[in-house]
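Residue numbers (my numbering), protein chains in the order written: chain A, 1 to 322; chain B, 1 to 560.
None of these hints come from the bench; they were simulated from the model. Heads up, a few of these hints could be off.
What the hints assert, rightly or not - So, partial list: chain A residues that the calculated Cβ filter (under 7 Å) puts toward chain B:
1. D16
2. A18
3. Y57
4. C64
5. S66
6. E80
7. S140
8. M141
9. T142
10. P143
11. V146
12. P153
13. V283
14. G286
Every residue gets a Cβ at the ideal spot worked out from N, C-alpha and C, and that includes glycine.
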Amino acid sequence: MAEPTVPAIFDVYRYDPAIDREPRYQRYTLDLAPHTPVLSALLRIRAEIDPSLTLRYSCRSAICGSCAMQINSKSRLACETHIGPEMERHGRIVVEPMRNQAVLRDLVVDQASFWRQYSLVEPHLKLDPAHPMPEGEPTSMTPEEVERFKETPRCIACAACYSACPAVEADAGFPGPMALAKLYRFVVDPRDHARQDRLVRIQPNGLWLCLRCHLCTEACPKDVRPSERIRDLKEMAIAVQGATENGSRHAVGFKDNIEDRGLLNEMRLVRQTYGTLGMLGQVGQGLRIVRKKPEIMRRPHAIEGVDELQKIYEALDPEEPK
Amino acid sequence: MRKHEVVVVGAGLAGQRAALAAVEAGCDVAIVSKLHPLRSHSGAAQGGINAAVGAEDSVDTHTYDTVKGSDYLGDQDAIEFFCRAAGPTVVEMEHFGTIFSRAPDGSLARRAFGGAGFPRTIYAADRTGLALLQGLWERLGTERFTLYEEWELTRVVARDGRVQGVIALDRRRGEFEGIAAKAVVLATGPAGRIYGRTTNAHSCTGDGLAAAYAAGAFLKDMEFVQFHPTALLESGILITEGARGEGGYLRNATGDRFMSKYAPHVLELASRDVVSRAIVTEVSEGRGFPGPYGGYVHLELMHLGREKVESRLQEICDYCRHFAGIDPVTEAIPVYPAQHYMMGGIGTNIHGATNVAGLFAAGEAACVSIHGANRLGGNSLLETLVFGKEAGIAAAAAARSASAPELGTAEVEAATAPFRSWSSRSDGEDPSLLRTEMQQTMDRYVGIYRTENDLLEGLKRIRALQKRFERVRVVDRAKVYNLNLTDAIETGHMLDLAEVIVVGAYARLESRGAHWRVDYPKRDDAHWMRHTLAQRGPEGPTLSYAGVAYTRWEPKERVY
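Bound conformation, chain A alone (with noise of 0.2 Å):
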């Protein structure tokens, strides 16, 4: 009793550095069922067609974080991936490594950045010698408190979201959607004494560099939602600093803003970003701005209802974090 199939084409980028001065894409076919995971299809080409085909995997089930690649330009795991949509898709299924990360062979990538950010967050448990574990017992914690740390315990480190965000790309300085899902994990952590400090540090080391693009989110097989806890870590980071950056001043500008007069006064909102004297290096590109629209120099007029926006803004406003 045999599964329908379907033909299936693969167009895999091939690399060895040692070997070819450019990567190349190569063509596979095989006939398939639709439900065939992509990894279950590569492993197949390396058992009967082609064993030099080289890829990271393991477990098959979405839990080791091995298989992280791109089907058909997204980040994502190719055990979990089936066959049978991105063909009905795309037509066919490119599968190349991920982004962000050198590539040592076809699609394994060179992870130790994406690792080195993971480390750099301190992913470990701090205590205070003033409070120490309690003697012999595990630590009280209700159901609640592991609420707190949403869905990051998910976290199964396949880097998807690493190599899916914009930010990782544009700058060396950003530590990244894991590791600062991460980060989050420890910092709502009531076992942990290191908190504020934890949030002291990170504002002005990567923070604010995300760009609220929510790939990450989209990439993450395991749900973890790291763009959503980023913005929790911004939030409290502010709630117990203050904003000290350029990106968490210009946050509390733009609601500043907003909560006053319903509309941005863009001028009003550099200056709270970079300060009077930090307002000097946006000169150049403000003048630029007021060349195309002058009316930004104008000073915008309260909207119709802002006593409405301030009530909403009001009831918005969250009590101080924990």
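Based on these hints, arrange chain B on the given structure of chain A.
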């Protein structure tokens, strides 16, 4: 030559715990692992970790359940030591940072598991292995040690009965490297890929077992292979026993909760060997559902309600949706047994010591023995941590008194020459084809129900594959990350282990735990309450036997 006091091979829970203990003892420690530590197969463990804590449960009950679960082949002194260590081990992991699921009062939540007289399985949703692996790796990260990441073990070097170090393939550079060591801890995990239908990861190829065996260590009780009752059909992906622990039912095609026939008192929560045999019997007697991947039964969670299923069995929901295309909240899960765990392994005492001086083993690669003929769910995560720590402490002590190890470049060259010759052949055997045939042979002839004829046929086929393996050929000539080469190395290792499993199973003329001989359906304590020890000889494994340590629990018939 690289040199360390203690080299730990494998970076799952057992290896990491051994490394931590050896570092804390002041040793210069290196970890050799073919995967990044966070990608280890320990992370795939789902259901939980057993510990008798609180007034209602006791170490004695946990010990008794484990002894009974082992079908009286487990060493009772070792089991008692193990169960006594459980509580402190779980507390330590909690203090390291592991995020466990909690009861409303803030204590560690517990669930029921098969073969246990009390709900004593502590868990982190249905990803307990991942939670422990993260907690331990993040704790170990605060210590100093060397990590040889993506280095694959190929040899343990021993001379005159004493370990000198290991030889490993650096996958990224494609070079074989020697690492001299005063003590070596093998924590390389499972060898489940000897079978085709297995819950184990592709990386579970028994590298440490094969290397220890080649170096003269005993392999113990290798014929005891656990088949997990509930794995998805085509992929063999595990559906945790926790699904039944939370109240899941097994039903056959006639709608019967058939476990009432096989285990009238505890039904679905009988031990794994009992439930697996029941499912195979139901299907072979025509009461299974038919399908393109063979007959199967249903695991039902629908009656538990969406809230419970989605919160406590979150990963299971994902597995079912992604890998079986069904929603366990509203549909039954088609399941059938699959190879899951090796009760056997490198023979050790409770300190991880083997018969080779300076060589230690822990975790699934080792056999202490606490699982005997059948392991209880929730005991393997505990085993990795309890005996990983013991092995690390013992290895550090051994390193302190050992003389400098001797491992020279010439020796590494000579030991790895065969591997390198494989790629200069102009024709020969394809390692992945040999592997597939080995897996088919083991699935067909050395499965849940065994007979003399099947085992003889299996042995004949495995030996034929070993013969063909002598002409194995590696066609990929690249240095970097040559999977064709590692496939070949691993296949050679697994063929040796497959031979040991079949020879042990053929020789054991009784049915005990996971080893079921259709032609000898009774347990035979008079002749067979003893451990099988296999040592490498010129014509394959040589078997000898050792007594089982028992203290307080007289063997009796096992009824669930």
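Against the structure, the hints come out as follows:
{"no.": "1", "hint": "D16", "verdict": "5 Å, holds"}
{"no.": "2", "hint": "A18", "verdict": "6 Å, holds"}
{"no.": "3", "hint": "Y57", "verdict": "6 Å, holds"}
{"no.": "4", "hint": "C64", "verdict": "4 Å, holds"}
{"no.": "5", "hint": "S66", "verdict": "5 Å, holds"}
{"no.": "6", "hint": "E80", "verdict": "4 Å, holds"}
{"no.": "7", "hint": "S140", "verdict": "4 Å, holds"}
{"no.": "8", "hint": "M141", "verdict": "5 Å, holds"}
{"no.": "9", "hint": "T142", "verdict": "5 Å, holds"}
{"no.": "10", "hint": "P143", "verdict": "5 Å, holds"}
{"no.": "11", "hint": "V146", "verdict": "5 Å, holds"}
{"no.": "12", "hint": "P153", "verdict": "5 Å, holds"}
{"no.": "13", "hint": "V283", "verdict": "46 Å, violated"}
{"no.": "14", "hint": "G286", "verdict": "46 Å, violated"}
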